[in-house]
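Start from chain A and add chain B according to the hints.
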Amino acid sequence: MLRKSTVLPQPELLTEAVHPMRRYLRTDRLPHIWCSGCGLGTALSCFTFALDELRLEEQDVAVVSGIGCTGRIAGYLNLDSYHTTHGRAIPFATGLAVAQPEKKVVVFSGDGDLFAIGGNHFIHAARRNIDLSVFCVNNFNYGMTGGQFGPTTPIGALGTTAPYGNYENPFNLPYLAASSGAVYVARWTTLDVRRLKQSMIEAIEKPGFTFVEIISPCPTNYGRRNRLGDGLNEMRYYAERSIIQHGADPKKANLYPGSDIVVGRFVEEERPTFLEQYKAQIVEKQHFRPPNGKEPS
Amino acid sequence: MTERILAGQYFMNGDEACAEGAVAAGCGLFAGYPITPQSEIAERIAIRLPQVGGVFIQMEDEISSMATILGGTWGGLKTMTATSGPGFSLMVENFGLGVMTETPCVVVNIQRGGPSTGLPTLVGQADMMQARWGSHGDYGVIALSPCSPQESFELTIKAFNLAERYRLPVLVMSDEVVGHMYERVVIDPARIEIVERRAPHLPPDEFLLYQPGEDLVPQGLPIFGDGYRVHVTGLTHDERGYPVIDAETQHRLVTRLKEKIVRNADDIIEVEEIDLDEAEVVLVAYGISARTSLGALRDAQAKGLRVGMLRLITVWPFPEKIIRSLADRVAGFVVPEINLGQIVLEVERLACGKAAVRSVPHAGGDIHRPEQIVSAIEEVVRDAS
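Chains A and B, in that order, give the protein sequences. In this text, residue positions in the first sequence follow our numbering: the first is 1, and each later residue adds one. In this text, residue positions in the second sequence follow our numbering: the first is 298, and each later residue adds one.
Hints in this document: simulated from the structure, not taken from any laboratory. There may be inaccurate statements among the hints.
To give a feel for the contact side, a few chain B residues facing chain A, derived at Cβ under 10 Å [to be verified]:
#1 M356
#2 R526
#3 T530
Pair ranges (Cβ atoms, derived) [stated by the list, open to error]:
#4 A:L30 / B:R646: 45 to 53 Å
#5 A:T145 / B:E357: 23 to 31 Å
#6 B:T299 / A:H246: 48 to 56 Å
C-beta: ideal position from N, C-alpha, C; glycine also.
One chain only, chain A, in its complex shape (with noise of 0.2 Å):
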């Protein structure tokens, strides 16, 4: 049954209002695309602040990104930015950050695109230790294509894919990070924006493979469908639940309905990165034999 629908009036534009960090923002290209209440433009604001903190100069980071609403965040940063294929943002960012290795190189993308349909490149990329951050915005669904269920939405809660309640058991994704070898393993709601921030200084500091989880609501599809209200409703029932336990095992953190939400560090280890280990290995073990070949006559 169709309702009328009712015009909104249109919000107040404060013309004069500027973002302290919009020096790492492609200002042209505002307003951003994602929806009232959303995560994201926290987790953007989180990673400008860092970026600030880290006194990184615009040239000296890039940003690459799959397919999704958090794919759209390489487009709002006045950064090198590349926005990939569905799933691919890892390996096009492997392949930036062995050609540019003094370079900072960071993924941001969401769960759907770095676990479903990227879930192989991620697991390949940590164990090889590619000097990477990856920032992962979960918002537990498929947004931008309305509200399907993906590798992380809890078991019952709804999707427009999973009108029952879903049906599959979602990824761990810190323990997924840590069991694959990821170097720097965290996980915040974008209600943590301080520690956020300072997890993707730490991780953006720390050489080789770094993982942050950024739990964000999703007022259109997730929180509206399974009944979690707007988005500072939304955003209310993550903290109340959450729970920091720096250092917890990460097998532990795992998110089902009702479950307590652990945040925190949970990993932070030292390993060689790719490219130490390929020049170790290279040094110590070249052996090249010239072939036999002789002038052209």
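This is chain B only, laid out in the frame that chain A set:
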């Protein structure tokens, strides 16, 4: 560190020669996944790239291999991947991203029999239309087809040069027999020409990432860290590189992606003409089928038949003009290829019924016998008289 160009004469197979061509052309990153019959390329380049300061990375699949070389290119390296049929099917996704983002790189396909797993160790040439149309959407492509190890070396270098010149992934469509065939390869530095990447011609505040020159090719590729702060997207985009989702922008971009190849076709296309002046029948062949056709050509000429050959070194863009002009004066074309008739469709299209066109199909696993090709030539001559 050893030299990139190993001057000298060698006995090597087409795969190894291809790897040497890549190193000679300045390849700095190879990403690939093992697959027969291309593995010798990866094995050779895994030895050679570290010696010249490059990076070899064995990926988890061909999807990531293709994505990684695109990233490497924007990071400032010349890049390549190599595969065979099943892997090529996985690569076409990000091949499309390379086309859309106008990213220079080289993709080698050592063709084997298909579809699916098909004939892992045996020859095929049935990916030629996939090379042209494999990724979704409209675009132009460049594909080269070597017929010997020597040409595998030379055309791999040429592929790198064309990629830089025209800003797209360039295909080397070789095949299992050429890949595994051992022959003499002469590497003469004096005969090697290398095209370097064009840097942006304007400072960052004036530069537009996808502003084309008169040749429709974007002018200069800023690499990560140059200070240009590019935005590169697979979405339809304007000249700044920003996504614009409308029909007008789509028309302008996609038409240019096709036209930049069409308009420059005369500069891109390379063919070898053999005895065409007096020919009544013209063989049109490429890759290993051009080698078998050469035997058939000599046998037919020994029988007194007036036969010539157009060997396609560039298969895409297709050499349309020369086929059209030949169709006006010859009795017919014979097209032997190790597939059930792919390139012959192009010849038919361009002959427009003015000359006979006869396919000599082969499902793969083996090469043609010259007698098959000779009897096709004889049939065309008989039908014409």
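Hints and how they fare:
no.	hint	verdict
1	M356	holds (7 Å)
2	R526	holds (6 Å)
3	T530	holds (4 Å)
4	A:L30 / B:R646: 45 to 53 Å	holds (49 Å)
5	A:T145 / B:E357: 23 to 31 Å	holds (25 Å)
6	B:T299 / A:H246: 48 to 56 Å	holds (50 Å)
The earlier numbered hints are all upheld by this structure, with none contradicted.
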